[in-house]
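Participant: Turn these sequences into a full structure, and let the hints guide you.
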Amino acid sequence: MIEIKSKSASILLLYCTLLLPCSASCQKKDEQIQIPLASIEDAIQIRTAESRKIQFNVYLDKVSSAKVSIDYMLVNGTAIAVKDFEQTSGTLTIEPNQSKGIIEVDITGDKSNLRQNNLNFSVQLSNAKNCNLTRTIGVGTIITENGMYLPTKNSGYSTPTVYPGYTLTWSDEFIGSELNRTNWNTEIGNGNNGWGNNELQYYTGSFNNVFVSDGNLVIEARKELQSGFSYTSSRLTSQGKRSFKFGRVDIRAKLPVGKGIWPALWMLGNNITSIGWPACGETDIMELVGTYPSRITGTAHWASPQGSDVMKNSNYILTSKDFSSEFHVFSIIWKENEITWYVDDQLFLTVQANDVGVAVYPFNAEQFFILNVAVGGNWPGAPDGTTQFPQRMFVDYVRVFQK
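Convert by adding 1370 to the 1-based position in the sequence shown; the result is the number in the working numbering.
Worth flagging that the hints you see were computed from the coordinates, not collected in a lab. All of these numbers come straight from a predicted model, not from anything done at the bench. No incorrect hints appear here.
Below 25 Å or equal to it, Euclidean Cα-Cα: the simulated PhoX-like pairs (lysine-lysine) are: (1) LYS1691 / LYS1523; (2) LYS1615 / LYS1682; (3) LYS1691 / LYS1629; (4) LYS1629 / LYS1593; (5) LYS1615 / LYS1705; (6) LYS1470 / LYS1423; (7) LYS1453 / LYS1523; (8) LYS1437 / LYS1470; (9) LYS1499 / LYS1470; (10) LYS1432 / LYS1499; (11) LYS1773 / LYS1611; (12) LYS1682 / LYS1705.
Facilitator: Encoded structure:
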């Protein structure tokens, strides 16, 4: 009986010995089964004038009980390291019981060359520990709206959307990525004798010269050949689409400057096609001669009894900075027989019916808007070597309030 018990014990010991390696092997297999799979996602970021970060998410398909580490490096595409993004490499760590890590890359700010096609680069993963890699390349896209993304600082004066006794009748806030063609026409060419002023630009409807970006209308004057002219720009009108009589008009804008640059926000009488200019009346809400970047002019034009141009105007001069440094609001309050002009709610010009004397006062009839940036002309003169191109006018909104 003792011998039998001894044999039974030996058999049991042998069984346990054989079982141990199998248990360890099975445990290792179980651990291998639990190793998570890692993948990187693509990422998108909008480029601005200031540096900002783009984030690439790296996901594990399950949490790991061990710390996960993955090496990464950046690879050029149409976006180039240093010029467009910070060149870097490193190791991403995902702590135990977590399933996500983030790789951050700095996108280089660009104050002058944002009008270009969207750019891309990639983040490449390698040398993973405690995980297996599935998707190893994440593509980063730097959005510039294919040449129509041009952000600008929104600092400056602003006006409300509500005034006592007035209703907001119409506005264009320039939201979205396209010009609202139900509101605006784009005029083409150099007009008659440089639009009557010997202007040097050729107006186009091209995205090179007019587009909507970051909540603003942008009109861009460029030094480039077009149809025999050395400069291009854009001129918008609301003729036949939006016209008004009386009320308050607010236009918030940041203006271009420089020798030969001539931005304008103005209105003409609807009846110009039947009675001509200046009999139709012209209301220049704002004009700036780029040689004087801190000064704007408001003007009313009408016809003398003989049909010649007569005007009354006044200047508004900033005491600090200039009109290109931030937004200002250019306004008129238009009543029967009277128009008053304002910059940032500061009155600087009044025109009344008795100012025209025996002539016909044309400002009690509907008028339409014109927004443009001219280059050269009788008033500003031609650009010279000090003039920088491109020059841009940003318009945040055009609003009409009526009683």
